[in-house]
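Put together the whole structure using the sequences plus the hints.
Per this note's numbering, the sequence shown starts with residue 1, numbered consecutively.
Check each hint, because a few of them may be wrong.
Unchecked claim - Pairwise CB distance ranges, derived in the manner of DEER restraints:
1. L178 - H18: 40 to 50 Å
2. D100 - P203: 35 to 45 Å
3. S207 - H18: 11 to 21 Å
4. D94 - M25: 13 to 23 Å
5. R139 - L35: 20 to 30 Å
6. L86 - G182: 24 to 34 Å
Think of the hints as simulated: they come from the structure by calculation, not from any bench. From the three backbone atoms N, C-alpha and C, an ideal C-beta is built for every residue, glycine too.
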Amino acid sequence: GWAGEGPGAGGKNRHVCHAAARLEMGSLWEEFNRLGTEMIVTKAGRWEPEWPGELQRWESTPFPSPSLCRRMFPTFQVKLSGLDPLADYVLLMDFIPLDDKRYRWGWGNGGWGPDLGMLSPSLPCRYAFHSSSWLAAGRAEPAAPGRVHFHPDSPAKGAQWMRQIVSFDKLKLTNNLLDDNGHIILNSMHRYQPRFHVVFVDPRRDSERFAHQNFKSFSFPETQFMAVTAYQNHRITQLKIASNPFAKGFRDGDPEP
Numbered sequence: 001g002w003a004g005e006g007p008g009a010g011g012k013n014r015h016v017c018h019a020a021a022r023l024e025m026g027s028l029w030e031e032f033n034r035l036g037t038e039m040i041v042t043k044a045g046r047w048e049p050e051w052p053g054e055l056q057r058w059e060s061t062p063f064p065s066p067s068l069c070r071r072m073f074p075t076f077q078v079k080l081s082g083l084d085p086l087a088d089y090v091l092l093m094d095f096i097p098l099d100d101k102r103y104r105w106g107w108g109n110g111g112w113g114p115d116l117g118m119l120s121p122s123l124p125c126r127y128a129f130h131s132s133s134w135l136a137a138g139r140a141e142p143a144a145p146g147r148v149h150f151h152p153d154s155p156a157k158g159a160q161w162m163r164q165i166v167s168f169d170k171l172k173l174t175n176n177l178l179d180d181n182g183h184i185i186l187n188s189m190h191r192y193q194p195r196f197h198v199v200f201v202d203p204r205r206d207s208e209r210f211a212h213q214n215f216k217s218f219s220f221p222e223t224q225f226m227a228v229t230a231y232q233n234h235r236i237t238q239l240k241i242a243s244n245p246f247a248k249g250f251r252d253g254d255p256e257p
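Structure, rendered in structure tokens:
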């Protein structure tokens, strides 16, 4: 359904106070979330196959495009309502850590969870996945440089944003701390929550005074994910192949292992 901002939405500019966002492909996001969503992050210039056989298929295509493999899937898409049709808005996304842990994949009961025995109780921890589960493997690495991704159609009128589904299909993830391409930088083996922001373009000369009133933020818990350099949970691999349109060749041509 439609989502609005949580407590604290009061005091917002009238151009954003009624804004609402509905997550598209919600059922698919929930299906991934039940398994523990994983998103691939790699350093710029590197390409690694996301699933078995992908390298051979990629090399055999006439115009291979490895950059597709670094985009989020499912793609973050929303339907907006409640905007002023005549006002200008900028749409953007950022990603915040879900906890102060780092994870690893290993043997255990299944699922992602803390492995606290190896840590001092006073220290924040990291995570790991074992026996189809993620466990805490130590404290989190220093936070990656904070970046935001602006929707390329920004700024645009509210009427345009509400007319069609807003898709962040150009957003790319990397774990390269020195990235100079504007990609979102994340630490691998850490958990993240994507956030979506609607910002009213205030025409007033002193608009910076009202910056805290001119935006509204949305978070969808089902879009949380683990950043990885290769898929750890085979069920995630299978679901990506089954539901990602770019993986059609794997569904049609590859026999079951």
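Hint by hint, here is what the structure shows:
1. Between L178 and H18 the beta carbons are some 42 Å apart, a value that agrees with the proposed interval 40 to 50 Å.
2. Distance hint for D100 and P203: a CB-CB separation of about 41 Å, consistent with the stated range 35 to 45 Å.
3. Between S207 and H18 the beta carbons are some 20 Å apart, a value that agrees with the proposed interval 11 to 21 Å.
4. Look at D94 against M25: about 20 Å separates their beta carbons, and that is inside 13 to 23 Å.
5. Take R139 and L35: their Cβ atoms lie about 26 Å apart, and the range 20 to 30 Å holds.
6. Remark: the range hint 24 to 34 Å for L86 to G182 is upheld by a beta-carbon distance near 30 Å.
Checked against the numbered hints above, the structure breaks none of them.
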